[in-house]
Each structure stands twice: as structure tokens, then as C-alpha cells.
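For the sequence shown, our numbering gives the first residue as 1, with consecutive numbering after it.
Worth flagging that the hints you see were computed from the coordinates, not collected in a lab.
A couple of the hints might just be wrong.
[What the hints assert, rightly or not] Computed spacing ranges between beta-carbons, pair by pair:
| id | residue 1 | residue 2 | range |
| --- | --- | --- | --- |
| 1 | LEU3 | ALA60 | 16 to 24 angstroms |
| 2 | GLU49 | LEU72 | 21 to 29 angstroms |
| 3 | VAL48 | MET1 | 31 to 39 angstroms |
| 4 | ALA75 | LEU52 | 32 to 40 angstroms |
| 5 | HIS74 | VAL48 | 19 to 27 angstroms |
| 6 | ILE67 | LEU21 | 20 to 28 angstroms |
| 7 | GLU49 | MET1 | 32 to 40 angstroms |
| 8 | LYS50 | THR2 | 31 to 39 angstroms |
| 9 | GLY25 | ARG54 | 29 to 37 angstroms |
| 10 | ASN71 | VAL11 | 17 to 25 angstroms |
| 11 | GLY25 | LEU3 | 21 to 29 angstroms |
| 12 | VAL10 | THR47 | 25 to 33 angstroms |
| 13 | THR2 | ASP53 | 27 to 35 angstroms |
This structure is a prediction, so every number in the text was calculated from the model and none was measured.
Ideal placement from N, C-alpha and C gives every residue a C-beta, glycine not left out.
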Amino acid sequence: MTLTLEIVLVVSSILMTVFVLLHKGKGGGLSSLFGGGVQANLSGSTTVEKNLDRVTVILALIWIACIIGLNLIHAFATPALT
Numbered sequence: 001m002t003l004t005l006e007i008v009l010v011v012s013s014i015l016m017t018v019f020v021l022l023h024k025g026k027g028g029g030l031s032s033l034f035g036g037g038v039q040a041n042l043s044g045s046t047t048v049e050k051n052l053d054r055v056t057v058i059l060a061l062i063w064i065a066c067i068i069g070l071n072l073i074h075a076f077a078t079p080a081l082t
């Protein structure tokens, strides 16, 4: 069980990093410094962006669930040090 959660955690971490980097810049950051802010304001929100947002949120929830699960397994698997 622990190995499975660790593998899912690593895979979701990598995928979440990739999906966050695929998002468009919303302006006000480094993307607007190089002229990306003007282009981001001209284009509207598309279904691809909405689906990318949904997938990123789902991956973040899976990532958080894996971390909580691993912590619970670790907390209940180790003997008390009293």
C-alpha cells in the first residue's frame, strides 16, 4: 500500500508540474515582462484552458490525498516512543 501511494505521489507530482507549466500567464508576472501580458488579455478562456484547470485541480487533490494517506500510514505503523 505504501509503495503504491508513493508511486502515485511521484507520478501526480510530475504531471501536476507539467500541467501548471502549460497554463497561460495571467499577466502581472514574468510573462508580461516579455510581452505575454498583452496577448493573454486579447484571448478569451477556451474549453482547453478550462479542461486544463480541471485536470490540474484533480491532480492536486490526488497529490494531497496521497500525502495524507502516507502520513497516516506512517503515524499508525510506527510504535509509540513512550
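Hint-by-hint comparison with the structure:
1. The hinted window of 16 to 24 angstroms between LEU3 and ALA60 holds, with their beta carbons roughly 22 angstroms apart.
2. Taking 21 to 29 angstroms as the suggested C-beta distance range, the pair GLU49 and LEU72 does not conform, at roughly 35 angstroms.
3. Take VAL48 and MET1: their Cβ atoms lie about 36 angstroms apart, and the range 31 to 39 angstroms holds.
4. Checked against the hint of 32 to 40 angstroms, the C-beta distance between ALA75 and LEU52 comes to roughly 35 angstroms, which is consistent with it.
5. Between HIS74 and VAL48 the CB atoms are about 39 angstroms apart, so this pair departs from the stated range of 19 to 27 angstroms.
6. Between ILE67 and LEU21 the CB atoms are about 21 angstroms apart, so this pair conforms to the stated range of 20 to 28 angstroms.
7. Between GLU49 and MET1 the C-beta distance comes to about 36 angstroms, which sits within the given range of 32 to 40 angstroms.
8. In this structure the supplied range 31 to 39 angstroms holds for LYS50 paired with THR2, their Cβ-Cβ distance being about 35 angstroms.
9. Separated by about 19 angstroms at the C-beta atoms, GLY25 and ARG54 break the suggested range of 29 to 37 angstroms.
10. For ASN71 paired with VAL11, a C-beta distance near 19 angstroms keeps the hint of 17 to 25 angstroms intact.
11. Hint check: GLY25 to LEU3, Cβ distance near 38 angstroms, so the stated range 21 to 29 angstroms is violated.
12. Evaluation of the 25 to 33 angstroms hint for VAL10 and THR47 yields a pass: the beta carbon distance comes to about 30 angstroms.
13. At roughly 31 angstroms, the beta carbons of THR2 and ASP53 sit within the given window of 27 to 35 angstroms.
Violated hints, in rising order: 2, 5, 9 and 11; the structure is consistent with all others.
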